[in-house]
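Student: This is what each chain is made of:
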Amino acid sequence: MDSQVSVGQAAVARAEVRRRRFNLTPYLFILPHLIFFTLFLAWPFFFGIYTSLFDFDFLRPERRPFVGLANYTKLFDPASTEFRDFWRAMRNTGEFLLWSVPPLVILAIFLAVLLNGRFRGRNFFRMIFFAPYTLSVTAAAVLWWWMFQFDGGLINHLLASIGLERVNWLSSMPEAWLAITMATVWWTIGFNTIIILAALQDIPPVLYEAAAIDGASTPRRFWHITLPMLRPVIVLVITITLIASANLFGQPYIMTQGGPVQRTEPIVFRIYIEGIRNAQMGSAAAMSVLVAGLLLVLTALNFRFFGKSETE
Amino acid sequence: MTAPGRRVDDTEGMPVGSSRTYTVIQYGLLILFALFFVVPLIWMAVTAFKPINEWLSPNWIPNQPTLGNFTSVFEDPTLPVARWFINSLFIAAAFTILILVVDSLAAYAYARMEFRGRKLLFGLLLATLVMPGIMFLIPNFITIAMFDWLGTYQGVIAPGLAGVFGVFFLRQFFLSIPRELEEAAYVDGASVWQTFFRIVLPLSGGALATLGVITFLVSWNDFLWPLLIVGSDRQMQTLPVGLATLQGQYTFDYGKLMAGAMVLSVPVLLLYVLGQRYIIRSVATTGLKG
Numbered sequence: 001m002d003s004q005v006s007v008g009q010a011a012v013a014r015a016e017v018r019r020r021r022f023n024l025t026p027y028l029f030i031l032p033h034l035i036f037f038t039l040f041l042a043w044p045f046f047f048g049i050y051t052s053l054f055d056f057d058f059l060r061p062e063r064r065p066f067v068g069l070a071n072y073t074k075l076f077d078p079a080s081t082e083f084r085d086f087w088r089a090m091r092n093t094g095e096f097l098l099w100s101v102p103p104l105v106i107l108a109i110f111l112a113v114l115l116n117g118r119f120r121g122r123n124f125f126r127m128i129f130f131a132p133y134t135l136s137v138t139a140a141a142v143l144w145w146w147m148f149q150f151d152g153g154l155i156n157h158l159l160a161s162i163g164l165e166r167v168n169w170l171s172s173m174p175e176a177w178l179a180i181t182m183a184t185v186w187w188t189i190g191f192n193t194i195i196i197l198a199a200l201q202d203i204p205p206v207l208y209e210a211a212a213i214d215g216a217s218t219p220r221r222f223w224h225i226t227l228p229m230l231r232p233v234i235v236l237v238i239t240i241t242l243i244a245s246a247n248l249f250g251q252p253y254i255m256t257q258g259g260p261v262q263r264t265e266p267i268v269f270r271i272y273i274e275g276i277r278n279a280q281m282g283s284a285a286a287m288s289v290l291v292a293g294l295l296l297v298l299t300a301l302n303f304r305f306f307g308k309s310e311t312e
Numbered sequence: 001m002t003a004p005g006r007r008v009d010d011t012e013g014m015p016v017g018s019s020r021t022y023t024v025i026q027y028g029l030l031i032l033f034a035l036f037f038v039v040p041l042i043w044m045a046v047t048a049f050k051p052i053n054e055w056l057s058p059n060w061i062p063n064q065p066t067l068g069n070f071t072s073v074f075e076d077p078t079l080p081v082a083r084w085f086i087n088s089l090f091i092a093a094a095f096t097i098l099i100l101v102v103d104s105l106a107a108y109a110y111a112r113m114e115f116r117g118r119k120l121l122f123g124l125l126l127a128t129l130v131m132p133g134i135m136f137l138i139p140n141f142i143t144i145a146m147f148d149w150l151g152t153y154q155g156v157i158a159p160g161l162a163g164v165f166g167v168f169f170l171r172q173f174f175l176s177i178p179r180e181l182e183e184a185a186y187v188d189g190a191s192v193w194q195t196f197f198r199i200v201l202p203l204s205g206g207a208l209a210t211l212g213v214i215t216f217l218v219s220w221n222d223f224l225w226p227l228l229i230v231g232s233d234r235q236m237q238t239l240p241v242g243l244a245t246l247q248g249q250y251t252f253d254y255g256k257l258m259a260g261a262m263v264l265s266v267p268v269l270l271l272y273v274l275g276q277r278y279i280i281r282s283v284a285t286t287g288l289k290g
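So the protein lines, in turn, are chains B and X.
Under the working numbering, the first sequence has 257 at position 257, and the numbering climbs by one with no breaks.
Under the working numbering, the second sequence has 234 at position 234, and the numbering climbs by one with no breaks.
Hints are computed from structural coordinates only; laboratory data are not their basis.
Note that beta-carbon positions come from the ideal geometry of N, C-alpha and C, so glycine has one too.
Some clues are possibly wrong.
Interface residues of chain B toward chain X, partial, derived using beta-carbon atoms under 8 Å [what the hints assert, rightly or not]:
#1 33
#2 48
#3 97
#4 114
#5 135
#6 150
#7 151
#8 197
#9 278
#10 279
#11 281
#12 288
#13 297
#14 301
Just so you have them, the derived chain B footprint on chain X, three or more residues with Cβ under 8 Å [as the list claims (entries may be wrong)]:
#15 138-152
#16 255-266
Using the sequences provided together with the hints, build the complete structure.
Tutor: The structure is reproduced here in structure tokens:
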């Protein structure tokens with residue numbers, strides 16, 4: 001009897017432990033997110049690569065043959081039209097990186113230093129500097145497309161008022177890049193500025209006080225204290241800006257339609273044309289995989305060369 | 001990552017501005033840049049209130065100010081601006097509510113609960129942060145097409161719910177809540193759900209408001225994804241997609257286009273002015289790229 005009871009109690013206890021061990025509640029909490037995560041972030045990672053191995057014409061569901069790596073080899077075959085379109089768009093994107101990243105980083109450091117410290121109106125200026133970032137790319141691009149119009153555009157009005165020739169901003173090179181860069185800097189620099197400003201405020205004032213006692217001038221203090229202390233955040237900002245600029249789409253879509261003669265047609269625009277307008281999704285997926293791979297390498301190199309990664 | 005709730009504006013800055021000349025130069029530059037950011041917005045409004053014969057002239061005050069541009073974009077039957085506004089509002093509101101519900105549930109589990117596979121799943125979530133978004137564009141478009149969701153609200157909304165930013169943001173906040181509060185609730189016999197809804201969520205108003213404002217802005221402004229999903233159906237377009245259509249079609253109707261740009265921009269600028277503390281703080285502390 002006695003032993004039977006204790007066996008029974010042990011069984012109950014084991015069951016209790018098992019019930020406690022497998023608790024459904026946490027899974028119910030994560031389930032809704034996990035469903036969407038699986039469908040639209042985990043699955044497409046593989047599905048994108050899978051699609052890139054097919055001649056996937058969106059409008060011809062009955063005929064989508066497996067083609068192996070043909071969508072990739074085309075991109076490295078100088079005789080194919082895809083080669084020409086893809087690498088032109090890649091070069092355009094590279095050009096835009098050169099146009100946009102330096103001002104978006106250097107000017108942001110400058111603006112953050114201007115906003116740093118305690119002074120009257122600081123929050124007001126900070127609010128103004130960040131305001132354009134809250135707009136849609138459509139609003140920013142339509143606005144700057146209007147600013148840069150040959151007839152009636154504000155920029156040409158200003159040029160005319162100081163006696164200069166009007167410029168065909170949106171249909172000549174490199175003016176079109178200048179216009180797109182201007183719109184982009186206006187729209188997004190507030191974001192970089194705020195991040196750098198937050199990092200500036202984390203620099204211990206003691207460092208500056210010590211330097212002041214040592215008689216270091218303001219430029220020297222900036223060079224020897226501020227910049228080294230900002231290094232991690234600058235690496236982060238450069239990375240974020242590189243990726244954002246590499247994803248350029250809305251500004252040329254609206255301001256130049258990729259022109260003149262596809263010279264401002266960046267890679268995301270090309271993928272959009274190839275995959276959505278021309279319905280060649282296999283080819284567009286292959287382009288996306290290549291571009292994503294390049295961006296990952298770029299990010300890794302950036303952190304490697306310019307500083308240690310700050311895990312965010 | 002800095003702890004959430006840290007205020008940008010109450011920390012000591014570097015002691016600059018000691019000399020008077022520096023102050024003058026500083027204010028001069030600040031005003032110059034403020035003009036750079038504000039003047040285009042003023043020019044947008046000026047153009048929107050000008051009649052057609054003044055669009056191309058450089059005057060800053062319309063000689064005959066008019067609401068005609070606004071009425072004509074709202075009344076033109078081929079341009080359902082009012083419908084676009086409603087589409088944008090519905091999509092942004094529904095998306096924001098869903099994000100808050102879905103992400104707060106998941107974030108709480110990742111912050112406080114022990115379960116098999118937690119480390120692995122959380123690692124997977126983290127890994128997607130470095131994945132370039134361009135990878136997902138084509139496959140997600142095909143998935144939405146397979147669901148027959150092209151041209152629908154759910155087609156625009158659903159993929160964004162996979163995002164991990166909100167989960168990380170809220171998890172970080174939940175971790176900062178003292179555990180004792182929840183333990184006291186369990187001692188009193190509350191279930192996990194009761195503790196979550198009655199103790200944790202009421203403490204998270206600020207974090208939820210921050211995530212909500214940001215999510216609404218990002219969704220309201222989104223361009224590329226809605227363009228893919230509803231771009232070909234004029235009645236289903238959102239304001240950013242619709243305005244791009246408008247610009248392609250009425251290329252030289254600058255006044256109407258600026259009126260449309262204002263309809264798109266003024267709501268977010270208002271939201272920004274009202275909720276700027278939440279927005280700027282969260283950008284400063286987490287380095288969010290919307």
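Student: Evaluate each hint against the coordinates.
Tutor: Cross-check of the supplied hints:
Residue-level restraint check for residue 33 of chain B holds (minimum Cβ-Cβ distance to chain X is 4 Å; threshold 8 Å). About 4 Å separates the beta-carbon of residue 48 of chain B from the nearest beta-carbon of chain X, less than 8 Å, and the hint is met. Checking residue 97 of chain B against chain X: minimum C-beta separation of about 14 Å lies over 8 Å; hint violated. Of the supplied interface hints, the one on residue 114 of chain B holds, with its beta-carbon coming within about 6 Å of a beta-carbon of chain X, less than 8 Å.
At about 5 Å, the closest approach between the beta carbon of residue 135 of chain B and any beta carbon in chain X falls short of 8 Å, and the interface hint on this residue holds. The criterion of a C-beta within 8 Å of any C-beta in chain X is not met by residue 150 of chain B, whose closest approach is roughly 10 Å, and the hint is violated. Hint status for residue 151 of chain B relative to chain X: holds, with the closest Cβ pair at about 6 Å, below 8 Å. The beta carbon of residue 197 of chain B comes within 7 Å of a beta carbon in chain X, closer than 8 Å, and the hint placing it at the interface holds.
The beta carbon of residue 278 of chain B comes no nearer than 12 Å to any beta carbon in chain X, farther than 8 Å, and the hint placing it at the interface is violated. A cut of 8 Å between beta carbons decides the hint on residue 279 of chain B: the least distance to chain X is about 11 Å, and the hint is violated. About 5 Å separates the beta-carbon of residue 281 of chain B from the nearest beta-carbon of chain X, less than 8 Å, and the hint is met. Look at residue 288 of chain B: its Cβ gets to within about 5 Å of chain X, closer than 8 Å, so that hint holds up.
Hint status for residue 297 of chain B: violated, given a least beta-carbon distance of 11 Å to chain X, over 8 Å. The beta carbon of residue 301 of chain B comes no nearer than 13 Å to any beta carbon in chain X, farther than 8 Å, and the hint placing it at the interface is violated. Taking a C-beta to C-beta cut-off of 8 Å, the stretch 138-152 of chain X contributes 7 residues in contact with chain B, enough for the three needed, and the coverage statement holds. Note: the stretch 255-266 of chain X has 6 residues with beta-carbon separation from chain B under 8 Å; the three-residue rule is met and the coverage holds.
When the structure is compared with the earlier hints, violations turn up for hints 3, 6, 9, 10, 13, 14 and for no others.
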